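For what it's worth, the working numbering labels the leading residue of the sequence shown as 1, then goes sequentially.
Some clues are possibly wrong.
Heads up, simulated DSS-like pairs for lysine-lysine below, C-alpha to C-alpha not over 30 Å straight-line [to be verified]: (1) 301 x 366; (2) 388 x 127; (3) 78 x 33; (4) 427 x 449; (5) 127 x 342; (6) 362 x 342; (7) 47 x 362; (8) 388 x 342; (9) 388 x 427; (10) 78 x 47; (11) 427 x 362; (12) 127 x 78.
Hints listed in this document are in silico derivations from the structure and should not be mistaken for laboratory results. As the structure is a computational prediction, the values presented were derived from the model and not from experiment.
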Amino acid sequence: MNGWPQVRQGALAPHAARRRGDPALTLRLTVEKMAYGAKGIARHEGKVYFIADAVVGDIIEGQVTQDHGRYADVAIDKLIEASPLRGPAACRYAGDCGGCQWMGIAYEEQLSWKQNFVVSALSRIGKLPDGFTVEMIGSPAAHGYRNRVLIRLHHHVDGTMNVGYFRRQSRDLVPITACAIAAPAINQLIANLRNLTLEQPEAFTVRMEIQEIPATERGSLLVTVYPGDGNRETISRFTALVAELPGVHWAGLVFDLRNAPNVHFESDLDRNFATKPGQFQQVNLELNRTLRRLVLDYVEKVRPSRILDVFCGSGNLSLPLADGTRYVEGVEANRDAIAVAKHNASVNQLSNVVYLTGDAEKHLWKVSRGGEQFDMVILDPPRQGFPKGVVPLKNLDPQSMIYVSCDPTTLARDLAYLCRADHYMVKRVVALDFFPNTYHVETVVFLEKNENIPVTSDQ
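When you get a sec, could you build the whole thing from the sequences and use the hints?
What follows is the structure in structure tokens.
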């Protein structure tokens, strides 16, 4: 494969027939740079065009699918000349499945694009002053790094099993034999699933979350099955068979998660971290450890006495910060995650740490209006960021903040509010490539309060 299987040179794009465009707006464009979202940027007669699935150096022919005035979206009809940045893809399904966008692109180039995504978002949306820098930390491995995947399984009446991912922007299953970015243990399970047979074959579909547990001894995988179409009893029998496969530590239906066991996930920074089936964990183990160290180093530098960890999950970032002298409080809406966080605090015999179930925004309003003082806040919100929570966060007025984000655009939007009128100053920005071969990037921003700027209610 050449890293561009989705739109082959001189071929129609798979989605061309579905496009609602004006054939009169067919353009020949050369991609000049990259935009967040894996879109190439081209300019023609003073207008900007965003081209899905294109990379720098591609020369394409395509049609305008949506015109926004100053810019327009373009879908590729023909790849006239492939970029020299494209090389052989390490995955035979590259471009067909809905996963990786940049298989076949040199890793150094991927890192450069992601670094530029963060710089562009923070300057354009975040309005950070000129001169800030973004450090870029790459993944130790560009393949085989994912310790968690969500796959689809279609079992047919003839007993065959298709395992794979949905094709991008469709519900069509792309069967795979292995995933290039998944951990070896996960790929071994995929192979075993494809060969699994039921005594009385019936048609059914399921989603399956597979989580690798590097610290386990009896097995290395937690498997959660989400039923789709098909008989519930048949899917239950199938799940029981999965539980007996080599390498599986636990397998169960999503309805069984409340009774699932806590499992030792890893040891890091003198802490033991547990998880449960179905519980969120970062997919890149090594870079998550790097992130923990960045957070811990900053905490040791500014030495806060009271830390509030918002969207704390199961304590991924805050467990190493609870040293018995500083107070650590975590809040998270997911009660199962909080149960694991409390378990982790107990197993590690940590004192002066409290984990609470609750809405992040409401909790910030509660502590700020109640007069509680936190001199550091850690934020690790979902992809949509924390637009409503930045107001009570600013009212809480901590001396320092750490903001972890998986979307540079929503991060930049929230920083624009926090740094308005120079109330908070960005001290350091680090981008971490948790997701090689995709456009996604994790960013951590360290902020400190500007003591010369008083807090006001309208900031």
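Do the hints match the structure? See the list:
{"no.": "1", "hint": "301 x 366", "verdict": "holds (28 Å)"}
{"no.": "2", "hint": "388 x 127", "verdict": "holds (19 Å)"}
{"no.": "3", "hint": "78 x 33", "verdict": "holds (19 Å)"}
{"no.": "4", "hint": "427 x 449", "verdict": "holds (10 Å)"}
{"no.": "5", "hint": "127 x 342", "verdict": "violated (39 Å)"}
{"no.": "6", "hint": "362 x 342", "verdict": "holds (21 Å)"}
{"no.": "7", "hint": "47 x 362", "verdict": "violated (44 Å)"}
{"no.": "8", "hint": "388 x 342", "verdict": "holds (27 Å)"}
{"no.": "9", "hint": "388 x 427", "verdict": "holds (23 Å)"}
{"no.": "10", "hint": "78 x 47", "verdict": "holds (21 Å)"}
{"no.": "11", "hint": "427 x 362", "verdict": "holds (28 Å)"}
{"no.": "12", "hint": "127 x 78", "verdict": "violated (38 Å)"}
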